[in-house]
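**Q** Sequence:
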Amino acid sequence: MPRISAPSWLLALTFLAPACRPAPSSDMPRSASKAALGPGDLAAILKADSAFMTAANGGSLDGVAAIYAEDASLLPPNEPVATGRKAIRQYWGRLMGGYTLRFEASNDEVDGRGDLAYVRGHYTLTASPKAKGGAAISDQGKYVEVFKRQPDGTWRYVVDIYNSDLPMK
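Under this note's numbering, the letters of the sequence shown match residues 125 to 293, in that order.
Think about it this way: if two alpha-carbon atoms lie no more than 25 Å apart in a straight line, the pair counts; the simulated BS3-like pairs of lysine-lysine are:
{"hint": "1", "residue 1": "K266", "residue 2": "K293"}
{"hint": "2", "residue 1": "K171", "residue 2": "K158"}
{"hint": "3", "residue 1": "K210", "residue 2": "K171"}
{"hint": "4", "residue 1": "K254", "residue 2": "K293"}
{"hint": "5", "residue 1": "K293", "residue 2": "K256"}
{"hint": "6", "residue 1": "K272", "residue 2": "K171"}
{"hint": "7", "residue 1": "K266", "residue 2": "K171"}
By construction, these hints were calculated from the structure, which means they are not laboratory data.
Start from the sequences and build out the full structure, keeping to the hints where you can.
**A** Spelled out as structure tokens, the structure:
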């Protein structure tokens with residue numbers, strides 16, 4: 125059996141010892157060191173979420189787009205990701221240009237730490253066609269919105285994903 129010198133053992137231990145450390149506890153999220161959201165933050169997040177619904181139901185494309193951060197991503201069902209407020213505005217503009225929207229949503233969970241938060245919930249949507257003879261759309265599903273506090277202190281969507289609970293037709 126070959127002999128391994130002391131410097132070789134030390135070198136091996138230097139690289140192998142970190143692998144022997146226990147894995148981080150899954151009970152403690154990485155953001156645990158950041159402060160939990162205060163009541164003012166929660167109120168501002170819920171206000172922004174409500175502003176989206178009000179704008180969408182009122183047909184205000186500018187109001188809808190304003191809820192998103194400049195570098196946000198929208199992940200709609202059955203379409204590519206829309207990245208950036210301009211692309212997100214185009215997505216909603218196509219939908220709102222052809223339909224009058226009626227969203228109803230309920231937040232099931234709101235949480236966060238520091239400058240990041242999320243909202244998880246479910247929605248119903250009725251989209252009435254603006255053109256005569258068009259077919260109405262009805263949908264129900266769920267969503268997750270990731271909010272980030274902006275430099276001016278406002279909370280905006282940085283990631284918005286929603287998908288239907290209904291089977292594909």
